[in-house]
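Undergrad: Please work from the sequences and hints to get the whole structure.
For the protein sequence lines, the chains are V and R, in the order given.
Under the numbering used here, think of the first position of the first sequence as 31, with each following residue one higher.
Under the numbering used here, think of the first position of the second sequence as 109, with each following residue one higher.
Hints are not guaranteed to be accurate.
Unchecked claim - Output of the computed footprint for chain R on chain V, the stretches with three or more beta carbons under 8 Å from beta carbons of chain R:
#1 32-46
#2 90-98
Stated by the list, open to error - Beta-carbon label-pair distances, calculated as ranges:
#3 R:Thr342 <-> V:Asp154: 38 to 44 Å
#4 R:Ala306 <-> V:Asn82: 40 to 46 Å
#5 R:Ile221 <-> V:Asn62: 45 to 51 Å
#6 V:Arg57 <-> R:Phe249: 26 to 32 Å
#7 V:Pro160 <-> R:Thr261: 54 to 60 Å
Read the hints as simulated data drawn from the structure, not as lab findings.
Just so it is clear, the structure is predicted and the values come from calculations on it, not from any experiment.
All residues carry an ideal CB built from backbone N, CA and C; glycine is no exception.
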Amino acid sequence: MKPRQQRMLAIGLAALGIAIAAGLTLRALEDNMMFFVEVSDVVAGNHPSERNFRIGGLVVGGSVQREEGSLDVSFEVTDTACTMPVVYSGVLPDLFREGQGVVAHGRIGDDGVFVADKILAKHDENYMAPEVAESLSKHQKDIQAAVARGTEGCNPNDS
Amino acid sequence: MWTWFHKLASPPHFYRTAALLSPWFAVPGLALIAWGTWQGLFVVPMDYQQGDAFRIIYVHVPSAYLSLMAYMIMATGGAIGLIWRMKLSHAVAAAAAPIGAAFTFLALATGSIWGRPMWGTWWEWGDPRMMSELILLFLYFGYMALRAAIDDTAKADKASAVLAIVGVVNVVIVHFSVEWWSSLHQGQTVFKRGTMDADMKTALLIMILGFTLLFGSMLLRRIRTEVLYRERRTRWVRDMILSPKGGG
Numbered sequence: 031m032k033p034r035q036q037r038m039l040a041i042g043l044a045a046l047g048i049a050i051a052a053g054l055t056l057r058a059l060e061d062n063m064m065f066f067v068e069v070s071d072v073v074a075g076n077h078p079s080e081r082n083f084r085i086g087g088l089v090v091g092g093s094v095q096r097e098e099g100s101l102d103v104s105f106e107v108t109d110t111a112c113t114m115p116v117v118y119s120g121v122l123p124d125l126f127r128e129g130q131g132v133v134a135h136g137r138i139g140d141d142g143v144f145v146a147d148k149i150l151a152k153h154d155e156n157y158m159a160p161e162v163a164e165s166l167s168k169h170q171k172d173i174q175a176a177v178a179r180g181t182e183g184c185n186p187n188d189s
Numbered sequence: 109m110w111t112w113f114h115k116l117a118s119p120p121h122f123y124r125t126a127a128l129l130s131p132w133f134a135v136p137g138l139a140l141i142a143w144g145t146w147q148g149l150f151v152v153p154m155d156y157q158q159g160d161a162f163r164i165i166y167v168h169v170p171s172a173y174l175s176l177m178a179y180m181i182m183a184t185g186g187a188i189g190l191i192w193r194m195k196l197s198h199a200v201a202a203a204a205a206p207i208g209a210a211f212t213f214l215a216l217a218t219g220s221i222w223g224r225p226m227w228g229t230w231w232e233w234g235d236p237r238m239m240s241e242l243i244l245l246f247l248y249f250g251y252m253a254l255r256a257a258i259d260d261t262a263k264a265d266k267a268s269a270v271l272a273i274v275g276v277v278n279v280v281i282v283h284f285s286v287e288w289w290s291s292l293h294q295g296q297t298v299f300k301r302g303t304m305d306a307d308m309k310t311a312l313l314i315m316i317l318g319f320t321l322l323f324g325s326m327l328l329r330r331i332r333t334e335v336l337y338r339e340r341r342t343r344w345v346r347d348m349i350l351s352p353k354g355g356g
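TA: Here is the structure:
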């Protein structure tokens with residue numbers, strides 16, 4: 031083998047080794063790499079119990095209730111399979127809407143209600159003009175279907 | 109067939125060719141950016157959810173894309189330099205690093221400015237997309253620091269090339285972070301069909317192309333400086349500087 035080919039092989043093997051090492055490390059750390067936990071996983075009990083964590087999902091349409099004269103708000107979050115009630119006191123981000131994605135940081139109370147100390151809005155990958163959004167429906171229908179499914183029973187093992 | 113390639117790899121030839129090529133990248137690049145900016149700010153409709161705030165995408169996405177692109181040029185340059193012992197290739201890698209770092213910073217800054225009103229946070233520690241992009245910035249800093257720390261150019265080339273190649277794994281992580289893990293950052297838009305209004309997308313693609321051309325011109329200019337510095341003791345540089353034209 032020529033020295034050039036040896037160097038090529040060495041770099042190729044090193045890159046392969048790094049890729050494998052990184053892959054294994056990231057696999058082992060998968061739970062830590064997740065920014066939030068899906069509602070279904072929380073319902074199934076796969077969430078940290080000792081510390082605060084984040085849940086993510088869509089805000090169920092019509093579930094947002096504000097307390098008059100305070101910043102208290104309660105709503106439901108669904109991942110299209112399961113739904114979970116959330117309470118929060120504070121200012122909500124601009125993008126917080128019914129049917130839109132949300133990430134809540136906090137912990138689960140004994141009554142199964144998620145007590146959030148921070149609410150972040152999550153935007154999806156769709157960008158469109160307001161008029162288009164009104165007439166267009168694939169997006170809306172997905173959400174309506176998701177929300178409808180979310181309110182009937184919940185089987186976290188399905189998803 | 110390969111003569112043009114070998115010719116290009118010769119520093120004096122590249123030095124002259126790059127000077128000729130650079131404006132052919134800069135002028136169309138700036139023109140496309142000007143047009144894309146006008147389209148993005150005044151012509152395309154606002155977003156149905158984000159209103160006008162989404163328009164920062166026209167800087168954010170091209171910057172983020174170039175932050176990865178510049179890294180791949182840096183790592184590829186390092187690898188070619190190591191395998192074929194090509195000095196010009198190392199010069200390309202060295203020239204790409206600061207530009208890549210600048211675009212990484214721009215991507216992080218514009219993302220943060222957009223995140224405050226939209227997500228409700230400037231920055232979230234622990235989000236895979238944000239963390240991997242920040243690590244990318246630190247990789248650029250580490251690369252430049254390593255180069256600066258080694259006086260011998262040949263040794264600096266080798267050491268920094270190894271660092272750049274190792275760091276490629278992070279480029280893959282930045283790209284797939286929103287697919288492999290849950291993230292506050294939204295998923296892929298540009299290369300998916302039906303996720304973006306056609307006018308919005310056209311303007312975005314124009315901006316990406318404009319930024320890329322501008323990046324190409326910046327890279328060519330930086331490579332010229334790098335070549336001139338590396339070849340400062342050679343005859344062709346001396347001849348060029350001492351010639352009546354004073355070099356160009």
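Undergrad: It remains to establish, for every hint, whether it holds in the given structure.
TA: Each hint tested on the structure:
With 6 residues bearing a CB less than 8 Å from a CB of chain R, the region 32-46 of chain V meets the requirement of three and the coverage assertion stands. Closer than 8 Å: that is the beta-carbon criterion, and the region 90-98 of chain V has 0 residues meeting it against chain R, so the requirement of 3 is violated. In this structure, threonine 342 of chain R and aspartate 154 of chain V break the distance hint of 38 to 44 Å, their C-beta atoms being roughly 56 Å apart. For alanine 306 of chain R and asparagine 82 of chain V, the Cβ-Cβ distance of about 42 Å falls inside the hinted range of 40 to 46 Å, so the restraint holds.
Evaluation of the 45 to 51 Å hint for isoleucine 221 of chain R and asparagine 62 of chain V yields a failure: the beta carbon distance comes to about 27 Å. The hinted window of 26 to 32 Å between arginine 57 of chain V and phenylalanine 249 of chain R holds, with their beta carbons roughly 28 Å apart. Roughly 57 Å separates the CB atoms of proline 160 of chain V and threonine 261 of chain R, a value that falls within the hinted 54 to 60 Å.
The earlier numbered hints that this structure contradicts are 2, 3 and 5.
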